[in-house]
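Q: Residue numbers (this note's numbering), protein chains in the order written: chain V, 1 to 139; chain W, 1 to 139; chain D, 1 to 139.
If chains are identical, the list can't say which one is meant, so a pair holds when it fits in one copy or spans any two.
Capping the alpha-carbon separation at 30 Å, the derived lysine-lysine pairs in BS3-like fashion look like this:
{"no.": "1", "residue 1": "Lys26", "residue 2": "Lys45"}
{"no.": "2", "residue 1": "Lys97", "residue 2": "Lys45"}
{"no.": "3", "residue 1": "Lys26", "residue 2": "Lys97"}
Rather than coming from a laboratory, the hints here were simulated on the basis of the structure.
As the structure is a computational prediction, the values presented were derived from the model and not from experiment.
The primary structure of each chain is shown beneath.
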Amino acid sequence: MILSIRNQIPGTVVSVTSGEVMATVKVRLDGGQEITAAITLEAVKELGLAPGSSVRTLIKSTEVALATGAVQGLSIRNRIPGTVTEVTTGGAMAGVKVTVAGGELTSAITKEAVTDLGLAAGSSVVALIKSTEIALASV
Amino acid sequence: MILSIRNQIPGTVVSVTSGEVMATVKVRLDGGQEITAAITLEAVKELGLAPGSSVRTLIKSTEVALATGAVQGLSIRNRIPGTVTEVTTGGAMAGVKVTVAGGELTSAITKEAVTDLGLAAGSSVVALIKSTEIALASV
Amino acid sequence: MILSIRNQIPGTVVSVTSGEVMATVKVRLDGGQEITAAITLEAVKELGLAPGSSVRTLIKSTEVALATGAVQGLSIRNRIPGTVTEVTTGGAMAGVKVTVAGGELTSAITKEAVTDLGLAAGSSVVALIKSTEIALASV
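Please construct the entire structure, taking both the sequences and the accompanying hints into account.
A: In structure tokens:
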């Protein structure tokens, strides 16, 4: 299985909180960060997720936002600090590669955002990913 | 046709920037805010979008993040200030209604985020929506 | 009303599971595949969704990931097999058209993903769509 999903970070499930339809799964990434994924309860059952399960977190590039400053009072649960290594610019969109502890993230944001934030190789950023945008794969 | 997409805000196209695959469309909402949608170039052509076109912006509730403080240095283009009017909490997720200039937004975020931000009726928030999550409808 | 949302596939509701905030709706597509949409409970009520309801599933191109090869152990509920018919490449992003049973899907992924997966007309792929990214329209 090869996925178009650029961001695949290994980790271990810390906790599962189940609602009636959705569940939130906390995962400690191998790089040390903790992330939260909101997936269907059905998926939790099918993958047999429980504390200790080894998983890969899957995040589509278009779901990764970037911040250059401190982030506070934000509903977005997942904030992974890193350093920009490469910026590729198209006519409307841009791809930004960010090195984080334990791996690399790709973010697809508007070209305008890249200009506005002054992003270039070496920029310190925080990758922001809404919990509902994170999928999990069992390994 | 009735859409499950909760957030449908009318506005007028201000500009269209075309890449080879994607395009960014700036829309002035009737409430005065300016938002950016990143959609396929194909969709721009099919809808015949150009400055002056009347559109509705469509945003799924799961794509609306909330911030309680000032937001700076963020790649997320769309930031709509408003006031929380209602919070509904489930086992894992929560629904938050936000009154904004010219309409209302619904945000589906984790229950944990609601607790962490202390959201309740009356809270001042900024709704944050990534450009790639905004669809447009011609009217 | 014309929507910028490229992917609109007709189907029939099979089941609705309601939580307090969110609901999952299973839909059998006219092409035979079964998909799951996680939408707000409020939307389920407003659309009056119940087993037998005719709907269209709406999926923004940027929400469609692609996999080559068998897909296993993945939280992403929706997996629609198909064949690539066209790849359009931009500076940062690429648009991929995929013929599936009963229709066609458009996927907007990074140019890098297209190269990495070796996608071209004729490639066999599975389109992957997270439940939270699927909207429904009553018809």
